[in-house]
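A.B. asks: In order, the protein sequences belong to chains A and B. Heads up, the first sequence is in this note's numbering, so the first residue is 1 and it goes up one at a time. Heads up, the second sequence is in this note's numbering, so the first residue is 1 and it goes up one at a time.
Hint data in this document are derived by calculation from the structure and do not stem from the laboratory. None of the values given here were measured: they were computed from a predicted structure. Among the hints, erroneous ones may be present.
Calculated pairs, DSSO-like style, for lysine-lysine (alpha carbon to alpha carbon, straight line, at most 30 Å) [claimed, not checked]:
| no. | chain 1 | residue 1 | chain 2 | residue 2 |
| --- | --- | --- | --- | --- |
| 1 | A | LYS219 | A | LYS143 |
| 2 | B | LYS227 | B | LYS201 |
| 3 | A | LYS114 | A | LYS219 |
| 4 | B | LYS201 | A | LYS403 |
| 5 | A | LYS403 | B | LYS103 |
| 6 | B | LYS103 | B | LYS227 |
| 7 | A | LYS114 | A | LYS403 |
| 8 | A | LYS114 | B | LYS227 |
| 9 | A | LYS276 | A | LYS219 |
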Amino acid sequence: MRFESQRVAWWFFATCMLLFTLQLVYGFILGFAHAGYDGLHDVIPFHTARATHTNLLVMWLLCGFMGAAYFIIPDECDRELYWPGLAKLQLAALVVVGVTAIIGFHFNWWEGRKFLEIPRPLDYLVVVDVLMFIANIGMTVWKGRRLTTTSMVLFFGLLMAALLYLPGMIPTDNQTIDSYWRWWVVHLWVEGVWELIMGGILSYLLIKLTGVDREVVEKWLYVIVGFTFLSGILGTGHHYYFIGTPRYWLLVGGLFSALEPLAFLGMAIYAISMAKRGGRRHPNKIALSWTVGCAVMSFVGAGFLGFAHTLPQVNLYTHGTLVTAMHGHMAFWGAYAMLVLAIMAYAVPLMTGRHLHASPASTFAFWTSNIGMIAMTLAFAVAGITQVVLERRVGMDFITVQKEIEVHFWGLILAAGLFTAGILAQLWVFVRSGLPVGDLVSGAREGEDGYGAG
Amino acid sequence: MLSRSQARTFFLVGTAACTFAFVGLTVDTFGQLPSRTNASAITPEVARGKQLWDENNCMGCHTLFGEGAYYAPELTRVYERRGEYFIRAMLVDPAAMYPGERKMQRYDFSIEDQDALIAFFRWAGTVDLNGFPATPNLMPLAVGDGVAATGGRPQLFNTMCLACHAMDGQGGQIGPALDGVGGRLDAVYLRRWLENPTAVKADSRMPVLPLSDAQIDELVAFLSQQKD
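Chain A on its own, in the form it takes in the complex:
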């Protein structure tokens, strides 16, 4: 770590870990309800738990991206953050808005629009908050001593994410139009501009961890984000198959979603080949594991499972079933949760000065959480496919089918237990790493990141 203001990222990462842990609690409430034990129904009904579960995810991922940006941008631009104080204010404001929203969900204060449940007045506050963030990062890039491709890709990813929040606020009485704009936010985030953020963070990590030449890493970064947009933008069409939009979306969405795995495959090959090519033995091996793991798991979860689910002739039956939950869990874990954990694994030891990256708990956390998530995906797959066959193909009653698949949710809960053990270990490593009081590597040049030669 080279600049004092990078430390602010630690507070964002601490918020991440806290919200992530809370997200797991709500996940268990949902899992038990599906297994037939909804004892909390009167206090936290299913739709409250679900809105909380997904919005906590979105919030901690955004928090993680912001933390990552505050850590990476000063390093890339070779200067302190333009307004270090504003970064802290912006985090505090974000937490207040987020907590208000979550509490509101428990009192029927929300908009019933999947993933965008935050009530409208709070939407405006989110916009103001994100503008503060973008302004801070933008000024740092603008006044920076160096303009790198990595920082530009990261900055434009964040800027576009902020702008794409706006279509979700267009009012309409037509459910179809409501959905149409909602996917502009949700899809163009996760399968569009968030992948820019992902590409930017991955390339930063690969440059730092593998020692491969920046020129090479950044060239391939262009190719990968090129493929992402080539497939992802028109791939929005896979949300427009069955909501009242014209039939040509089946063709457009089907074709371009089928290309989406290519972008993720590219990302995976990119990370693996850079990791192999780099001659450098970086001491923080677990950060490299998270980095390469992120690229691989996002290919499986977002790329492959997404492809299987969005073929129009398959989606006609799987649309609106637990198969979506199967794809969703591994996709978000692989692409974005692991990405935030990767940058944390790299940055936290530098910020705190305590190098726990080689501890057994770190290794345990990586493997247990990943194996747990794979098992969860399998449990969702069995439940989802059974639901599709019995309800959508054979025509059995909804509730009857739900009872038939309850048993698979016990499988899910067991797998989630394993996953949670991994995440708690990660939390333990984070807590033991302590507060951000590590030394600055003053006057260091690129490549000297504070880990030593290794």
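For this one, chain A is given, so just place chain B on it according to the hints.
C.D. replies: Just chain B now, kept in the frame of chain A:
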């Protein structure tokens, strides 16, 4: 081998082309939506129904157009499948309609709000969804020719009774199957039962359904004929 500036050109041109195409398709889609979504039928009552749908986060458990959570039934065709009376009863007291089953929150909607939600569901059923939800197509293969047609049964029986009971292998499994019920129970008993189940059998979990006398007549006549 690909140079860095070529890579950047690939990115910029590809992104620009796709964005252009996407915006173009969006414009065309919005031109088609008024007729495809039957937009002229979106009355203030339907709009109020959508507002209630949003305010109470119904999508947090149900799906509509296949979008939402997967905890409660898909509601796109609910007006056609269950009919107005069932939906109204469900909106008033969900726990009574599915006793001991997966729970829905009780909202105590006013009559106007019930009307608005029913109008919203009726509208949703008229939107052209490119064939979603698909008709289940494996049933005839699974049970052979023995599968019964839904014809011949009163509409009310299909929408109301089959929510919990089964007949000819179709319907729910919350109450007992009704095949051959006319051979076991006579018309007088059936009438008393439909008027108030717990008055006949104190521990019954079946609710008093919002049925008119004429509707009870129709159901009793049909059920009495089910001799085997």
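A.B. asks: Each hint: holds or not?
C.D. replies: Do the hints match the structure? See the list:
1. A/LYS219 with A/LYS143: 24 Å, holds
2. B/LYS227 with B/LYS201: Since the Cα atoms of B/LYS227 and B/LYS201 sit roughly 22 Å apart, the hinted pair holds (cutoff 30 Å).
3. A/LYS114 with A/LYS219: Violated. A/LYS114 to A/LYS219 sits at ~37 Å, over the 30 Å cutoff.
4. B/LYS201 with A/LYS403: 26 Å, holds
5. A/LYS403 with B/LYS103: This hinted pair holds, its Cα atoms lying about 13 Å apart.
6. B/LYS103 with B/LYS227: 35 Å, violated
7. A/LYS114 with A/LYS403: Holds, at about 25 Å.
8. A/LYS114 with B/LYS227: With Cα atoms ~48 Å apart, A/LYS114 and B/LYS227 exceed 30 Å; violated.
9. A/LYS276 with A/LYS219: Answer holds: A/LYS276 to A/LYS219 is near 17 Å, not above 30 Å.
This entry does not satisfy hints 3, 6, 8, going by the numbered hints stated previously.
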